[in-house]
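In our numbering, the protein residues as written are 103 to 633.
To be clear, the hints were calculated from the coordinates, so they are not data collected in a lab. Please note that the accuracy of each hint is not assured.
The calculated DSS-like cross-link candidates involving lysine-lysine, where the alpha carbons are at most 27 Å apart (straight line), are [as the list claims (entries may be wrong)]:
(1) Lys620 to Lys609
(2) Lys398 to Lys609
(3) Lys398 to Lys157
(4) Lys620 to Lys398
(5) Lys398 to Lys481
(6) Lys609 to Lys481
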Amino acid sequence: MVHDIDDSVVPGSVYLVDVQEKTTIVHAGTDSAIVLSPTPSNDINDPLNWSRGRKLLQVICVMIYTSTIGIGTTVLYSILQPISNDTGIPLSTLNAGTGYMFLFLGRGALINQPLALTFGKRGIYLISVLGNTAMCLWTPYIKTEGQWIASKIVQGYLCTPVESLCEVSIADIFFAHERGTYIGIYTLFLFGSNYFAPLIAGFIYDGQGWHWVMYWAAIINFGSLIILFFFMEETNFVRNTSEATEAVDLNTKASTEKDDKASTTSSPVSSGDLTGVPKTYLQRLPLFGGRYASNKLLLTMTYRPIFLLRFPVIFWAGFQYGTCLVWYNVLNATCSLILSEPPYNFRASSVGLTYIGPLIGMFIGTFYSGWVGDRFAVKYARRTRGIREPEHRLWLMVVSLLLCPASLILWGVGASKGISWVGLVFGMGIISCSTGIGSALSIGYALDSYKDLSGEVMMAVILVRNTLSFAIGYGITPWLHMGYQNTFISAAFVGLAVTMTFLIVIKWGKSWRIASRKRYWGYVADGTLGH
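Could you put the whole structure together from the sequences, leaning on the hints where they help?
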């Protein structure tokens with residue numbers, strides 16, 4: 103429970119840079135002018151106080167989890183036709199099953215996320231990987247439509263942490279000025295694994311058949327389970343402070359900064375000032391090592407994300423993120439159709455190799471929105487008297503105004519005109535780059551705006567995102583009846599219109615946060631883990 107909350111504080115507005123610092127001094131990997139947010143406690147077990155190496159190990163574990171879950175849930179996309187031929191299950195049913203999986207990847211968070219925030223994330227991650235392993239092993243033995251639908255629903259529920267919990271784990275251990283970099287890396291591994299899975303699936307299918315595609319996915323998941331069991335730690339930590347209890351009047355602080363000669367810069371708590379006894383390695387291994395919320399808060403977290411959708415900032419972030427996923431789904435739905443037909447006539451393995459283009463594009467997009475975005479936010483804050491607003495980072499979406507429509511036109515119109523496969527792969531890469539930019543910036547914006555309820559914020563965002571993904575699964579086939587050229591020209595204009603809404607958010611986003619602050623801080627006061 104967080105006490106003494108000042109509900110006049112604007113959520114997300116953070117004093118990020120001590121502008122009285124005239125020079126940049128590197129101290130333990132931190133610019134001395136950076137004001138750390140959230141402020142770390144003096145507890146030695148606080149994840150914010152962990153060493154750099156320990157934090158990076160946890161990031162690696164989260165990325166291993168993200169990659170293996172991504173492979174297990176998407177590796178079958180390129181082998182749906184062989185599955186249909188072998189089992190007699192119609193292709194429409196197979197596609198419907200994957201649609202239900204995406205739907206429950208969002209809906210399942212209403213149960214899994216509160217459990218993770220209450221009893222611990224580590225155990226939920228491990229159960230998720232074990233469950234995904236079992237689902238991959240079950241798939242080769244499925245013979246009926248009902249079994250297929252059931253397996254996809256269960257798999258979607260078990261794998262929900264990959265959509266909404268990983269971002270919270272990153273927010274647990276990193277400060278505001280560095281969070282964007284790791285959200286970008288997460289986005290790279292989330293979508294990158296989805297692009298990598300078809301690449302390897304084509305070769306496995308050509309050499310061993312579709313059953314072994316799923317067996318190898320199970321082997322990869324089980325291998326990651328072993329690694330995560332020994333190296334992934336619990337990052338839940340109960341804080342007694344929030345942005346509101348830490349904050350002061352930002353405008354007053356910034357305006358008087360020039361006359362204030364005392365340093366206001368926060369710095370990591372030195373090891374000599376930390377209190378408590380560090381956990382031993384064996385104490386870090388239990389699946390669920392503590393209790394972090396009451397039963398009342400556990401119940402509250404199952405429905406409060408739906409109420410959070412009343413906040414325009416959160417709904418917009420979910421809608422923007424979901425739209426990015428739509429273009430990813432459209433690309434997946436048409437890639438094999440286009441490249442396996444004349445004039446290209448690619449084999450399954452060759453179609454898989456074309457996903458190298460999206461992998462490269464995703465790397466560029468997430469590097470731009472993450473690493474470059476963090477530095478842009480700090481530089482922008484120096485121009486605004488040290489105050490960082492979440493909307494500052496959204497200016498990076500300007501490049502998507504060109505990339506999104508141009509890439510969709512290149513892919514669709516190019517395919518209809520039979521251009522060289524090189525041009526199509528280039529278009530795939532640009533679609534992926536635009537997807538990475540929009541996704542990472544949307545996630546970062548939501549987390550920056552309402553950090554104290556980050557777990558529930560991500561649940562709300564994913565509910566919107568996966569609802570759009572589920573809908574496009576039913577809408578893509580009728581849409582393609584227009585022909586590739588007309589479909590993707592219309593998609594380009596839709597993409598341009600949706601992307602342009604970031605300008606509205608930059609203009610009105612802070613006003614929306616101001617309007618929501620009393621209700622938001624009321625939620626925080628009612629109960630939060632301080633995430």
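Here's how the hints hold up against the structure:
no., hint, in the structure
1, Lys620 to Lys609, "holds (21 Å)"
2, Lys398 to Lys609, "violated (38 Å)"
3, Lys398 to Lys157, "violated (31 Å)"
4, Lys620 to Lys398, "holds (21 Å)"
5, Lys398 to Lys481, "violated (42 Å)"
6, Lys609 to Lys481, "holds (20 Å)"
Hints 2, 3, 5 from the earlier list are contradicted by this structure; the remaining hints agree with it.
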